[in-house]
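Chemist: Here are the chains, one letter per residue:
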Amino acid sequence: MTPNRNGAASIEYPSELEILLTRDFEAPIELVFDVLTKQEHVRKWFAPFEHQMTVCSIDLRVGGNYHMVFVTEDGTECSFRGTYVEVEPPTRTVETWLFEGWPDAEAVETVDLHETDGVTKMNLRLAFRDKAGRDHMTKTDGFEDSTNKMADYVRSLLDSKGTVSG
Amino acid sequence: MARSSTTSDVFNAIAEAHRREILDVLITGEKAVGAIVNDLSMSQPQVSKHLRVLSDVGLVKCRADGRRRFYRLDHEHLRPLHDWLEKYEQSWNGRLDRMDGYLSDLQRKDRTQ
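As they're listed, the protein sequences go chains F and R.
Mapping of the first sequence onto the working numbering: position 59 corresponds to residue 59, and the numbering continues sequentially without gaps.
Mapping of the second sequence onto the working numbering: position 4 corresponds to residue 170, and the numbering continues sequentially without gaps.
If we strip away everything but chain F, and leave its shape as in the complex, we get:
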């Protein structure tokens, strides 16, 4: 898998594994925040085709829940749900993230926005934590350049026996 210009990278910390996605949008920060958090907007871009989104419910406040369901081309239902932990318009949201499917995956998602000269940079981080060693969330700085270490890591494990990959 080659990293593309849109910048996907991952960062490793002692008891957590992160996937980091970054993107620049030529739009003011308030608009980007709205497009990310209002269901009338989210419906328009979350799934490849609008009709594929069967559930899009967002209660944007600390303690509020969100739930997104869409159906893929082969009929598989993909469900994401969670609860907002932080809501700071227009710069940040932090929410729990549960993907119902295989594998069930539970993480904390952080979205940070920052505008410079009319361009809004979005950082979306998905952090998987060791449940046994759960600790307080820490702010993380510093973004790696675009290599997906988590996927590379797993691939290296797969390739170790000379298994055909891809």
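Think of the hints as simulated: they come from the structure by calculation, not from any bench.
Everything numeric in this text was worked out from a predicted model, so none of it was measured.
This list has only true hints and no planted wrong ones.
Straight-line alpha carbon distances no greater than 25 Å define the calculated DSS-like cross-link-like pairs of lysine-lysine that follow:
| id | chain 1 | residue 1 | chain 2 | residue 2 |
| --- | --- | --- | --- | --- |
| 1 | F | Lys44 | F | Lys121 |
| 2 | F | Lys44 | R | Lys253 |
| 3 | F | Lys44 | R | Lys275 |
Please build the complex by placing chain R on the supplied structure of chain F, with the hints as guidance.
Modeler: Just chain R, lined up with the frame of chain F:
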């Protein structure tokens, strides 16, 4: 689909750095627990605890030879994880492209009003 109590928390399993170290040690092949302990700066109880977690989520397999236990990577369980990560990234790249287009449309509409 209800979330089962025996959820394969594979992601949480590899979120832990020491467990990743153990997986790395097993890249070259099957190893006895004692050999794993020697390779890493961890105590035997720690290694055993982590191996149990890795085994529970199916990332390693164990075979007993007399009193000794040998562990090896289970590539079958790694493949779906790898594929999932790839799909996740691809989905998001598509999503971000759509979001970009949508933002342009919204701003264009605003300007013509």
